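*Asks:* Construct the complete structure from the given sequences, taking the supplied hints into account.
Number of protein chains: 4
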Amino acid sequence: MTTVNPPAIPPNGTEQETRALLTELLRNFYGRNWVSGTGGGICGPADGGGLLLAPTGVHKERVGVDDFFVVDPADGSVMRRPPNAALRPSECNAIFCLAARERGARSVVHSHALSSVLAGDLARDADHVAIRDLEMLKGIRGVGNRDVHLLPVIRNTPRESELVEQIQRVLGDPRFASAFAIVVADHGAYIWGDDVLEAKRHAEVYHFLFEATVARHDRKEKETR
Amino acid sequence: MTTVNPPAIPPNGTEQETRALLTELLRNFYGRNWVSGTGGGICGPADGGGLLLAPTGVHKERVGVDDFFVVDPADGSVMRRPPNAALRPSECNAIFCLAARERGARSVVHSHALSSVLAGDLARDADHVAIRDLEMLKGIRGVGNRDVHLLPVIRNTPRESELVEQIQRVLGDPRFASAFAIVVADHGAYIWGDDVLEAKRHAEVYHFLFEATVARHDRKEKETR
Amino acid sequence: MTTVNPPAIPPNGTEQETRALLTELLRNFYGRNWVSGTGGGICGPADGGGLLLAPTGVHKERVGVDDFFVVDPADGSVMRRPPNAALRPSECNAIFCLAARERGARSVVHSHALSSVLAGDLARDADHVAIRDLEMLKGIRGVGNRDVHLLPVIRNTPRESELVEQIQRVLGDPRFASAFAIVVADHGAYIWGDDVLEAKRHAEVYHFLFEATVARHDRKEKETR
Amino acid sequence: MTTVNPPAIPPNGTEQETRALLTELLRNFYGRNWVSGTGGGICGPADGGGLLLAPTGVHKERVGVDDFFVVDPADGSVMRRPPNAALRPSECNAIFCLAARERGARSVVHSHALSSVLAGDLARDADHVAIRDLEMLKGIRGVGNRDVHLLPVIRNTPRESELVEQIQRVLGDPRFASAFAIVVADHGAYIWGDDVLEAKRHAEVYHFLFEATVARHDRKEKETR
Numbered sequence: 001m002t003t004v005n006p007p008a009i010p011p012n013g014t015e016q017e018t019r020a021l022l023t024e025l026l027r028n029f030y031g032r033n034w035v036s037g038t039g040g041g042i043c044g045p046a047d048g049g050g051l052l053l054a055p056t057g058v059h060k061e062r063v064g065v066d067d068f069f070v071v072d073p074a075d076g077s078v079m080r081r082p083p084n085a086a087l088r089p090s091e092c093n094a095i096f097c098l099a100a101r102e103r104g105a106r107s108v109v110h111s112h113a114l115s116s117v118l119a120g121d122l123a124r125d126a127d128h129v130a131i132r133d134l135e136m137l138k139g140i141r142g143v144g145n146r147d148v149h150l151l152p153v154i155r156n157t158p159r160e161s162e163l164v165e166q167i168q169r170v171l172g173d174p175r176f177a178s179a180f181a182i183v184v185a186d187h188g189a190y191i192w193g194d195d196v197l198e199a200k201r202h203a204e205v206y207h208f209l210f211e212a213t214v215a216r217h218d219r220k221e222k223e224t225r
Numbered sequence: 001m002t003t004v005n006p007p008a009i010p011p012n013g014t015e016q017e018t019r020a021l022l023t024e025l026l027r028n029f030y031g032r033n034w035v036s037g038t039g040g041g042i043c044g045p046a047d048g049g050g051l052l053l054a055p056t057g058v059h060k061e062r063v064g065v066d067d068f069f070v071v072d073p074a075d076g077s078v079m080r081r082p083p084n085a086a087l088r089p090s091e092c093n094a095i096f097c098l099a100a101r102e103r104g105a106r107s108v109v110h111s112h113a114l115s116s117v118l119a120g121d122l123a124r125d126a127d128h129v130a131i132r133d134l135e136m137l138k139g140i141r142g143v144g145n146r147d148v149h150l151l152p153v154i155r156n157t158p159r160e161s162e163l164v165e166q167i168q169r170v171l172g173d174p175r176f177a178s179a180f181a182i183v184v185a186d187h188g189a190y191i192w193g194d195d196v197l198e199a200k201r202h203a204e205v206y207h208f209l210f211e212a213t214v215a216r217h218d219r220k221e222k223e224t225r
Numbered sequence: 001m002t003t004v005n006p007p008a009i010p011p012n013g014t015e016q017e018t019r020a021l022l023t024e025l026l027r028n029f030y031g032r033n034w035v036s037g038t039g040g041g042i043c044g045p046a047d048g049g050g051l052l053l054a055p056t057g058v059h060k061e062r063v064g065v066d067d068f069f070v071v072d073p074a075d076g077s078v079m080r081r082p083p084n085a086a087l088r089p090s091e092c093n094a095i096f097c098l099a100a101r102e103r104g105a106r107s108v109v110h111s112h113a114l115s116s117v118l119a120g121d122l123a124r125d126a127d128h129v130a131i132r133d134l135e136m137l138k139g140i141r142g143v144g145n146r147d148v149h150l151l152p153v154i155r156n157t158p159r160e161s162e163l164v165e166q167i168q169r170v171l172g173d174p175r176f177a178s179a180f181a182i183v184v185a186d187h188g189a190y191i192w193g194d195d196v197l198e199a200k201r202h203a204e205v206y207h208f209l210f211e212a213t214v215a216r217h218d219r220k221e222k223e224t225r
Numbered sequence: 001m002t003t004v005n006p007p008a009i010p011p012n013g014t015e016q017e018t019r020a021l022l023t024e025l026l027r028n029f030y031g032r033n034w035v036s037g038t039g040g041g042i043c044g045p046a047d048g049g050g051l052l053l054a055p056t057g058v059h060k061e062r063v064g065v066d067d068f069f070v071v072d073p074a075d076g077s078v079m080r081r082p083p084n085a086a087l088r089p090s091e092c093n094a095i096f097c098l099a100a101r102e103r104g105a106r107s108v109v110h111s112h113a114l115s116s117v118l119a120g121d122l123a124r125d126a127d128h129v130a131i132r133d134l135e136m137l138k139g140i141r142g143v144g145n146r147d148v149h150l151l152p153v154i155r156n157t158p159r160e161s162e163l164v165e166q167i168q169r170v171l172g173d174p175r176f177a178s179a180f181a182i183v184v185a186d187h188g189a190y191i192w193g194d195d196v197l198e199a200k201r202h203a204e205v206y207h208f209l210f211e212a213t214v215a216r217h218d219r220k221e222k223e224t225r
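Residue numbers (my numbering), protein chains in the order written: chain B, 1 to 225; chain V, 1 to 225; chain D, 1 to 225; chain E, 1 to 225.
Since the hints were derived computationally from the structure, they do not count as laboratory data.
As the structure is a computational prediction, the values presented were derived from the model and not from experiment.
Hints should not be assumed to be uniformly reliable.
Note that identical chains are pooled: a pair holds if it fits in a single copy or bridges any two copies.
Said to hold, decoys possible - The list that follows gives simulated cross-link-like pairs (lysine to aspartate or glutamate, EDC-like), each with its CA atoms no further than 20 Å apart: (1) Lys220 to Asp66; (2) Lys220 to Asp121; (3) Lys220 to Asp75; (4) Lys220 to Glu15; (5) Lys220 to Asp186; (6) Lys220 to Asp195.
*Replies:* Laid out in structure tokens, this is it:
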């Protein structure tokens with residue numbers, strides 16, 4: 001509704017610009033109920049090869065540009081800390097670093113969206129959900145709208161860091177080579193990209209695919225019974 | 001969408017900061033349809049041990065920082081009045097004070113969200129609704145994602161103050177010892193925390209749990225019939 | 001999300017304040033999809049006993065404070081015109097004036113919300129929809145949460161002005177004496193109040209009642225079949 | 001919620017005003033999930049008879065007033081380029097120009113809304129979807145609320161430009177002479193108007209019609225089984 005000019009299409013900018021973009025996206029995602037109740041998170045590229053990592057346990061729409069940790073994707077160790085000494089790094093740390101090492105992801109979104117949980121429910125006893133017949137598949141790098149796109153669905157664990165072993169396995173599974181996302185049953189999704197704007201695009205696309213696939217499944221249940 | 005820096009992660013601030021946070025949350029909750037039609041409400045800690053209480057019968061997104069009452073949680077008596085003499089304290093007063101006394105809650109949210117009503121419908125003739133298999137359960141203090149979390153569902157009464165007796169009973173019921181919320185059938189929910197930000201987190205988490213539990217229930221109805 | 005102080009709880013203000021409030025509400029309602037596609041409308045009290053009436057055929061979120069007509073509720077004649085000579089008074093004129101004369105309404109909201117259409121569908125061959133077992137009923141002046149609240153549902157006509165005869169009839173029907181709203185099948189709803197803020201409250205309450213009644217109806221269809 | 005005065009109802013303004021309006025609408029549509037994940041697009045009239053065309057592959061809510069191409073509707077050739085040399089014209093180019101030539105459209109919206117996909121699903125093996133019994137039909141120029149409005153539904157193709165042949169055919173089909181929109185199955189919709197504000201009105205109206213028709217269809221499936 002406002003008439004102010006939107007921010008310019010950002011290049012791969014400075015670390016300060018990336019910090020501003022990450023906080024903007026956290027507010028955007030909060031408005032969509034992807035990171036409500038302090039859940040979910042995001043990371044992006046820092047100067048010097050590290051990852052900017054949002055803190056854990058804080059309301060994500062309130063994270064400021066100075067509140068990020070910088071971690072080493074090689075092992076998740078903290079390279080730089082935020083001035084606010086009360087903050088601790090996100091529980092997503094190990095998983096974000098794994099995606100960075102295995103897939104070269106420079107930005108990862110962790111969503112707690114209801115649509116991702118309901119999409120995970122579709123897997124039932126299978127280890128994946130299949131997405132097809134949607135133009136929006138083209139929003140995923142390398143995927144066409146006639147592909148059947150398989151997304152891994154892994155089991156939830158008591159702590160986020162314990163998901164690592166399962167994630168390592170599905171990242172090596174050739175059935176999921178074209179996936180930029182992993183669904184965690186009962187929990188949410190990890191979605192990544194080469195940079196923050198690709199992770200944003202993939203996050204928006206996958207949530208659309210979740211919603212469409214769930215809506216079509218539920219309708220089909222009714223009509224074919 | 002805006003690029004302004006968000007407000008810093010608030011500490012347990014001054015009363016003036018708490019008043020500003022409460023009005024911000026009322027606007028936030030209004031945007032989610034949790035407090036529409038002048039319904040719902042919120043309280044938070046005042047200086048001197050009282051509770052800041054929003055007025056009744058006013059559009060909640062229009063409440064200003066000077067519009068709060070300060071009430072004594074011991075008995076709900078008014079300690080300080082807002083300058084606007086036309087305002088009366090919220091009908092939630094007795095219930096908010098009860099949560100403060102019985103659970104040490106320093107902040108309580110009263111929601112009229114549709115999802116809370118539909119979650120209450122799931123109880124039918126039982127006195128509770130069971131929530132399980134959701135990572136977001138970890139957003140409730142002391143609860144794990146493998147717990148089966150029982151929430152009390154009480155009957156609605158003509159006046160809000162008449163709910164007090166039922167609430168007192170369920171707050172003493174050991175089955176509900178881990179609950180930070182009470183659902184009132186046909187009405188909404190009371191959700192609390194140690195401070196305003198915990199009440200906000202719990203409110204966001206419980207609404208997610210309501211929505212997820214309702215969506216899964218409705219889908220299961222279809223599939224198992 | 002913003003930290004600016006909200007506008008103060010408005011008294012029954014000057015005409016200029018009423019104009020500002022009406023444009024604010026049109027933007028608010030646009031954001032809820034109640035007045036999209038230039039549909040819907042609103043009126044409120046003008047100085048001198050007239051009604052401020054939004055123009056027809058314009059995008060409602062773009063209406064400015066100077067774009068209102070002032071009409072005489074006795075017969076809908078235009079008392080004052082907006083400076084923009086291209087504007088024409090809303091098609092709601094006759095109906096708004098009728099509500100003003102028959103019920104003393106000083107403010108009427110005309111909604112094109114999907115929930116109002118789906119609620120109208122529930123009437124089928126009956127001439128009303130019954131709303132019950134919802135606390136939010138208390139948001140309607142004079143109604144309690146144990147009342148069964150009957151809302152008239154009238155048939156749609158090719159032109160809005162042709163609804164007048166049906167509306168006159170249901171406004172005189174004692175079954176609907178406590179109603180502050182009329183549902184037009186396939187179309188939307190007219191909702192009124194003594195002043196703009198009561199019309200706003202009633203609009204928010206009735207839309208909640210529409211959504212809740214539709215959701216419960218659809219769920220019951222499934223479970224009792 | 002804000003009290004600022006909204007932008008005045010725009011006349012058919014200067015090209016600079018049209019650029020500002022197009023970016024405002026892209027942000028508006030992004031907020032509705034019609035152009036998420038860089039999908040969708042819009043065009044409007046440029047000075048000199050060309051069309052202002054948004055760039056491809058960029059986050060649509062971030063498009064600035066200087067980021068538009070100007071293309072010749074006669075053949076889609078680029079008449080003016082944006083200063084940002086990295087931008088390429090939208091894939092919608094050929095289709096937007098076709099609508100301009102065949103229907104005189106000066107503004108076209110391309111939506112990726114879920115409701116447009118679900119509406120397309122209703123066509124099944126037919127080549128259209130029928131919309132009826134909705135007042136909002138009157139929001140489409142020349143259509144009445146008692147008309148049965150037929151919208152063409154075409155098959156999706158791997159590339160957007162390959163849709164052209166099908167679109168040419170349905171634009172010449174007399175059954176669809178009153179349609180200002182084409183649904184692409186599994187994909188979205190193209191919606192147009194004589195100017196930007198009519199395209200906006202038609203876009204809002206058609207999305208409402210999609211949502212209402214899908215909701216009623218799904219409900220009827222349940223009730224008549």
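*Asks:* If a hint holds in the structure, say so; if it doesn't, say that too.
*Replies:* Outcome of the hint check:
1. In this assembly of identical chains, Lys220 and Asp66 lie within 20 Å of each other by CA distance neither inside one copy nor across copies; the values are 48 Å within and 45 Å between.
2. When the C-alpha separation of Lys220 and Asp121 is checked against a cutoff of 20 Å, the pair qualifies both within a copy, at 15 Å, and between copies, at 11 Å.
3. In this homomeric assembly, Lys220 and Asp75 never come within 20 Å of each other (Cα to Cα): the closest approach is 45 Å inside a single copy and 42 Å across copies.
4. When the C-alpha separation of Lys220 and Glu15 is checked against a cutoff of 20 Å, the pair qualifies neither within a copy, at 47 Å, nor between copies, at 47 Å.
5. Within a single copy, Lys220 and Asp186 get their C-alpha atoms only as close as 22 Å, which misses the 20 Å cut-off; across copies the closest is 15 Å, which meets it.
6. Taking identical chains as interchangeable, the C-alpha atoms of Lys220 and Asp195 are never at most 20 Å apart, the minima being 37 Å within one chain and 39 Å between chains.
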